[in-house]
Structure formats: C-alpha cells, structure tokens
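Visitor: Below, each chain spelled out in residue letters.
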Amino acid sequence: MKAETHLTLPREEDPTEAIARFVRGKWSSDFVVGRTRSMNQYEREVSVDAHRVDLIQDAATGGRVFAREVVPDIAKFVVTTRPKQWLIMGPPPQQAFENLRHQTSRLVRKSERALLGAAHTEMVRIPVVQMALSPIRSILVYLEERGSLPLAELHKTRKSPDQVANYVSLLQQIGYARRENGSLVPGSGFPTGSSDRTPTEVYDAMLARVMQENYEFLQQVLKLTQMVGYLRWSNSYYLTAFSAQDRVNLPILDWERRHDGYYPSGHRSALEKIGQLQRVLDSGIVVKQGRGVEGDPEITERFFELARAEMDIPSP
Amino acid sequence: MGKIVPGVATKSALTPDEWRGRFKVVYQEDQCFPGAFFALLTSADLLFDTKVTRGLSMGDLNKKLGYRKGAATPAEALEKRAIKRWLGVFGLDVQWERESPKSFDNLEASTKRDDVSFSLTEVDLHFVTDYDSKAKIKGPDFSTDHAIVVLKIANGQVEFFDPTFNPALPSNAGTMQALFTPQFVKRWSRCMDPYYRVWVTRVIPLPVRRMPREGLRGVPPLSRWRQKGRGVPP
Chain A
9 MKAETHLTLP REEDPTEAIA RFVRGKWSSD FVVGRTRSMN QYEREVSVDA HRVDLIQDAA
69 TGGRVFAREV VPDIAKFVVT TRPKQWLIMG PPPQQAFENL RHQTSRLVRK SERALLGAAH
129 TEMVRIPVVQ MALSPIRSIL VYLEERGSLP LAELHKTRKS PDQVANYVSL LQQIGYARRE
189 NGSLVPGSGF PTGSSDRTPT EVYDAMLARV MQENYEFLQQ VLKLTQMVGY LRWSNSYYLT
249 AFSAQDRVNL PILDWERRHD GYYPSGHRSA LEKIGQLQRV LDSGIVVKQG RGVEGDPEIT
309 ERFFELARAE MDIPSP
Chain B
11 MGKIVPGVAT KSALTPDEWR GRFKVVYQED QCFPGAFFAL LTSADLLFDT KVTRGLSMGD
71 LNKKLGYRKG AATPAEALEK RAIKRWLGVF GLDVQWERES PKSFDNLEAS TKRDDVSFSL
131 TEVDLHFVTD YDSKAKIKGP DFSTDHAIVV LKIANGQVEF FDPTFNPALP SNAGTMQALF
191 TPQFVKRWSR CMDPYYRVWV TRVIPLPVRR MPREGLRGVP PLSRWRQKGR GVPP
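So the protein sequences, as listed, match chains A and B.
Mind the numbering: the first sequence is residues 9 to 324 in the working numbering, read in order.
Mind the numbering: the second sequence is residues 11 to 244 in the working numbering, read in order.
Please note that a few of the clues may not be correct.
Stated by the list, open to error - Here are the computed lysine-lysine pairs in the PhoX-like style, where the Cα-Cα straight-line distance is at most 25 angstroms: (1) LYS122(B) to LYS34(A); (2) LYS94(B) to LYS34(A); (3) LYS296(A) to LYS144(B); (4) LYS73(B) to LYS296(A); (5) LYS73(B) to LYS34(A); (6) LYS146(B) to LYS34(A); (7) LYS196(B) to LYS112(B); (8) LYS118(A) to LYS148(B); (9) LYS144(B) to LYS281(A); (10) LYS79(B) to LYS118(A); (11) LYS84(A) to LYS196(B); (12) LYS79(B) to LYS34(A).
To be verified - Now the in silico label distances, taken between C-beta atoms and shown as ranges: (13) LYS167(A) to SER67(B): 47 to 55 angstroms; (14) THR191(B) to PRO91(A): 46 to 54 angstroms; (15) VAL116(A) to PRO192(B): 41 to 49 angstroms; (16) THR208(A) to LEU66(B): 38 to 46 angstroms; (17) ILE260(A) to LEU66(B): 20 to 28 angstroms; (18) LEU15(A) to LYS122(B): 40 to 48 angstroms; (19) GLN181(A) to LYS196(B): 30 to 38 angstroms.
As the list claims (entries may be wrong) - Stretches of chain A that chain B covers, calculated by requiring three or more beta carbons in the stretch to come under 8 angstroms of a beta carbon on chain B: (20) 23-35; (21) 51-61; (22) 72-79; (23) 180-187.
No lab work stands behind these hints, which were simulated from the structure alone.
For clarity, every value in this text was computed on a predicted model and none was experimentally measured.
In this text, a Cβ means the ideal position worked out from N, Cα and C, and glycines have one as well.
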C-alpha cells in the first residue's frame with residue numbers, strides 16, 4: 009500500500025493554491041489544479057489535471073510544433089476544514105502518474121480505432137496481415153464459390169474446435185455468414201457480385217471491414233497478433249500528426265522514439281523494427297519523403313476527422 | 011594534489027561565435043528544462059574546467075531531476091538537496107532566485123561575470139514564436155513555461171540558447187538566438203515562475219596544475235640536452 013499524500017495548512021492560507029504549488033513543485037510542472045467541487049459543509053474535492061506540451065520537429069521545414077494537451081482528473085485531493093487548519097488528503101504521486109499513463113493509453117487506443125477506420129483498406133494489403141486473415145478469406149471465397157460451407161469441412165482443417173467456433177462467430181457478428189442446417193451460408197451482409205471490382209478487391213474490402221469492426225476480437229480472441237505491430241507503427245505517426253494538426257515530416261528516429269513512447273511494453277529488436285517499418289512504408293500507409301516520413305494525404309484527412317469524433321474534439 | 015588557488019575563468023574571453031555550437035543538447039523526452047540545465051552545466055564545464063557533463067547522458071540527468079515518463083520534471087527539481095550534493099562533488103553549487111524585483115539587473119550582471127555559469131531562465135512558451143516564425147503552438151490554450159539559457163545581454167538584445175531549437179537540422183545551424191530585451195522581459199515576467207533564474211558557481215577554487223619536479227619517482231630524468239648543460243631546449 010503506497011502512502012497517501014497528507015498536508016496540513018494554517019487557515020489563513022489558500023488550500024487550492026497550496027495544492028497547485030505542491031503538485032507542480034514536487035510531482036511535475038505539468039500538473040495544475042482543475043475543477044473544485046464542494047462535497048459537504050466541511051469538505052471539498054480538488055482535481056488535478058496534466059497540461060502537457062509535446063514538441064514535434066518537422067524535418068522538411070525545420071519548424072517546431074508545440075502541441076498542447078490537457079489530461080483531466082489524474083488526481084483528486086480532499087480538503088477538510090478543521091478549527092485551526094486545513095487538512096489535505098490526496099493520492100500518492102505514483103497513483104497520479106499511473107492515472108496519467110492509463111489516460112495516455114486510452115488516447116492511443118482511441119487513435120488506433122480512428123486509424124483502423126481510415127486505413128483498413130491499406131492495412132489488409134500488408135502481406136503479414138493478409139496471411140493472418142487468410143483463414144477468414146478462405147471461408148469467404150468458399151462461400152462465394154460454392155454457396156455453403158459444411159461446418160464439418162471447417163473442423164477438418166488444422167484449427168481447433170474453439171478457433172473454428174470463433175471464426176464462425178466473427179463472420180456471423182458482421183453479417184457475412186449465418187448457420188443453416190449444419191452449414192455456413194452467406195449472411196445478409198455478404199456483398200453481391202459486381203463487375204467493376206476484381207474478386208481480390210471484393211475480398212480485401214470484406215477483410216478490411218472485418219478488421220475495422222472486429223480488431224479487438226481478432227487480436228484478443230483469434231490471437232492474430234501479427235497485425236498489431238503495423239497498426240502501432242502507423243498509429244505512432246498519425247497520432248503525432250494529429251497532435252501537430254498537420255501532416256508533418258517526421259524524422260525516422262523520432263518516429264521510432266514516439267512508437268516506443270506510446271507503446272512502452274512493445275519493444276522489439278532493431279532488426280525487427282526495421283522490418284516492420286519497411287513493411288508499413290511498403291503498404292503506403294506512411295510514406296518516405298526526404299529525410300523523414302509523412303502520412304498519405306487521404307488517410308490523414310479521414311483519420312483527422314475520425315480522431316476528432318473519437319476524442320470528442322470539435323473541428324477547427 | 012596541487013595547492014588550491016583561485017582559478018582563472020575564461021567566460022568573458024569567449025565571443026558569441028565561440029559559444030555557437032558548444033551547446034549540443036536538444037529537447038529530449040519532451041522537456042526543455044533538463045535540456046537547458048544540461049546547457050547550463052556545459053557552460054559551467056567550459057568556464058570552470060569541470061567535467062560534470064562528461065559521460066552524463068540526458069537519461070542520467072532526467073533521473074536526477076525526478077523525471078517520470080509522460081510528464082515534465084518537477085518545477086522545484088533544481089532546488090533538491092540531492093542536486094546540490096551531486097554538484098558539490100565537482101566543487102560546484104547551484105543557486106536560484108525567483109520573483110526578485112532586481113532579477114533583470116542580476117541576470118544582466120551575471121552574463122558579464124566570470125565566476126558564475128550562464129543562467130537558466132523560465133519564460134512563457136509563447137516566447138518561441140517571438141523569435142522563430144516557423145514555430146507553432148497548437149492545442150488547447152493554457153499557460154506553460156519554457157526553459158532557455160541566457161548568454162549575453164547587450165545593445166538592447168538578449169542572446170540565448172533554446173534547447174528545443176534543434177541545431178542538428180540544417181535550417182537551424184546556429185545554436186544561439188537573439189531577441190529584443192523588452193520582449194524577453196515580457197515573456198519572463200508572464201511565466202508561471204516569474205523571474206525564475208538558476209545558475210551555478212564554483213565553490214571550491216580550481217586546483218592549479220604544477221609541473222612535476224624532475225628527479226622525483228615517476229618523473230623522467232633531465233633531457234640529454236639539459237644534462238649537457240645547454241639550458242632549455244630550443
């Protein structure tokens with residue numbers, strides 16, 4: 009159990025100011041006092057927010073962007089009125105930093121969702137992602153070609169019964185398939201054939217939708233973790249661009265540093281990193297431009313729109 | 011050990027061009043404060059011939075300043091006893107002032123003295139757009155500070171080093187920038203720590219290196235030239 013923060017102050021001092029001075033001086037200069045609300049006649053709650061500044065260097069122009077960001081409610085202090093003093097109780101600093109980390113990872117996840125919405129079509133073209141999704145593609149091709157797939161056929165594959173059940177459940181959820189007399193048949197969401205798109209394009213579009221709508225299911229239930237790295241690398245660029253509100257030209261080293269900052273637990277060897285970076289660049293989600301990398305203009309536009317909606321930020 | 015005598019400082023002998031390029035630090039871990047403090051220590055090393063920054067990485071410095079990933083260094087980091095103790099090992103002492111009515115006069119005077127390092131000062135973040143038209147500030151509007159090192163005040167101008175101004179980029183070849191004094195003072199007074207200034211002094215004078223006496227153990231004997239009684243070699 010970590011020790012709580014405990015302060016006492018004479019009544020002539022302002023407790024809110026004392027909290028502001030304390031958190032900024034001792035914990036982090038980003039921390040400021042946010043909302044204050046009265047709990048009862050003798051107690052009030054003072055929230056602490058983090059006001060962060062992120063520096064983004066644009067390699068193309070040499071310009072700097074100082075991106076400001078507010079992370080609300082990372083700590084709460086309770087001020088109690090005593091006859092001759094204020095009693096201030098708050099969380100230990102570790103908890104405030106933990107809350108900050110937690111809120112940052114929530115922001116990163118929201119950004120990932122927005123990016124899946126903006127770049128799923130490009131993402132399914134990455135060979136490793138295609139390979140991970142190949143069992144789903146095979147089922148879709150079978151349904152298109154033969155009209156129905158006996159479940160017994162599925163069980164003949166090298167997949168375990170649980171995995172088969174998960175694939176079926178995923179396709180049912182999205183409306184691409186339904187069960188009928190011990191077989192899988194095309195569901196209401198299964199696209200009808202059209203002449204202006206090649207079969208590959210049709211399947212890519214279907215897989216893109218699977219990926220966009222069921223990314224967490226793919227990752228956590230089907231354990232298709234091969235695609236995680238690509239989304240993370242792409243997101244590390246796009247979230248940075250979103251902070252800068254501009255399609256910045258990010259030096260590759262900065263891109264790596266930001267990736268390691270957003271995903272501190274996902275460290276890989278330098279060799280693996282280079283491989284993943286190159287495949288993200290090959291996919292066209294992020295493109296090499298001069299000394300740095302830039303986002304695709306169309307993906308950036310779509311991503312900014314979706315990210316604003318995800319993060320509840322009004323359009324400029 | 012040599013005898014301890016007051017050292018000879020050389021700050022006033024260095025021209026602005028000589029300072030240019032000496033401060034290699036750039037913004038790391040999204041913080042200007044450790045970057046500016048590192049520059050201040052670089053200045054102390056150049057001035058007092060100490061070796062504080064030799065082998066000191068930004069990671070080490072961040073650790074000493076109590077930095078935690080994702081948030082900036084605490085505002086009172088340089089006032090910690092641990093920092094004083096650490097610098098004491100090198101014979102240095104860290105000092106600071108804030109909200110002093112004589113801050114500007116003190117700052118100006120310190121840039122001319124050769125017994126203190128250049129000062130780290132906190133200014134309002136909008137300071138960066140005053141001297142760099144390419145810098146942009148985005149996102150919600152709130153007040154935040156920015157740390158720089160003031161190198162010289164003369165002719166109505168303040169010359170400074172901004173650790174976020176990346177000299178590694180070809181377009182930012184210079185490491186030193188200048189701004190008119192009133193603009194600097196305006197941003198200095200409006201920051202969250204008004205008139206905050208930190209500097210380093212040498213508390214233990216420099217040891218003077220004496221030439222080892224010939225004939226002692228470990229010292230090479232007289233040269234053949236001098237052995238022949240011909241005095242000092244040409």
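Visitor: Taking the hints in turn, state whether each one holds.
Guide: The hints, checked one at a time:
| no. | hint | verdict |
| --- | --- | --- |
| 1 | LYS122(B) to LYS34(A) | violated, 33 angstroms |
| 2 | LYS94(B) to LYS34(A) | holds, 16 angstroms |
| 3 | LYS296(A) to LYS144(B) | holds, 23 angstroms |
| 4 | LYS73(B) to LYS296(A) | violated, 35 angstroms |
| 5 | LYS73(B) to LYS34(A) | holds, 14 angstroms |
| 6 | LYS146(B) to LYS34(A) | violated, 29 angstroms |
| 7 | LYS196(B) to LYS112(B) | holds, 15 angstroms |
| 8 | LYS118(A) to LYS148(B) | holds, 20 angstroms |
| 9 | LYS144(B) to LYS281(A) | violated, 32 angstroms |
| 10 | LYS79(B) to LYS118(A) | holds, 20 angstroms |
| 11 | LYS84(A) to LYS196(B) | violated, 34 angstroms |
| 12 | LYS79(B) to LYS34(A) | holds, 15 angstroms |
| 13 | LYS167(A) to SER67(B): 47 to 55 angstroms | holds, 49 angstroms |
| 14 | THR191(B) to PRO91(A): 46 to 54 angstroms | holds, 51 angstroms |
| 15 | VAL116(A) to PRO192(B): 41 to 49 angstroms | holds, 43 angstroms |
| 16 | THR208(A) to LEU66(B): 38 to 46 angstroms | violated, 56 angstroms |
| 17 | ILE260(A) to LEU66(B): 20 to 28 angstroms | holds, 26 angstroms |
| 18 | LEU15(A) to LYS122(B): 40 to 48 angstroms | holds, 42 angstroms |
| 19 | GLN181(A) to LYS196(B): 30 to 38 angstroms | violated, 60 angstroms |
| 20 | 23-35 | holds (count 4) |
| 21 | 51-61 | holds (count 4) |
| 22 | 72-79 | holds (count 7) |
| 23 | 180-187 | violated (count 0) |
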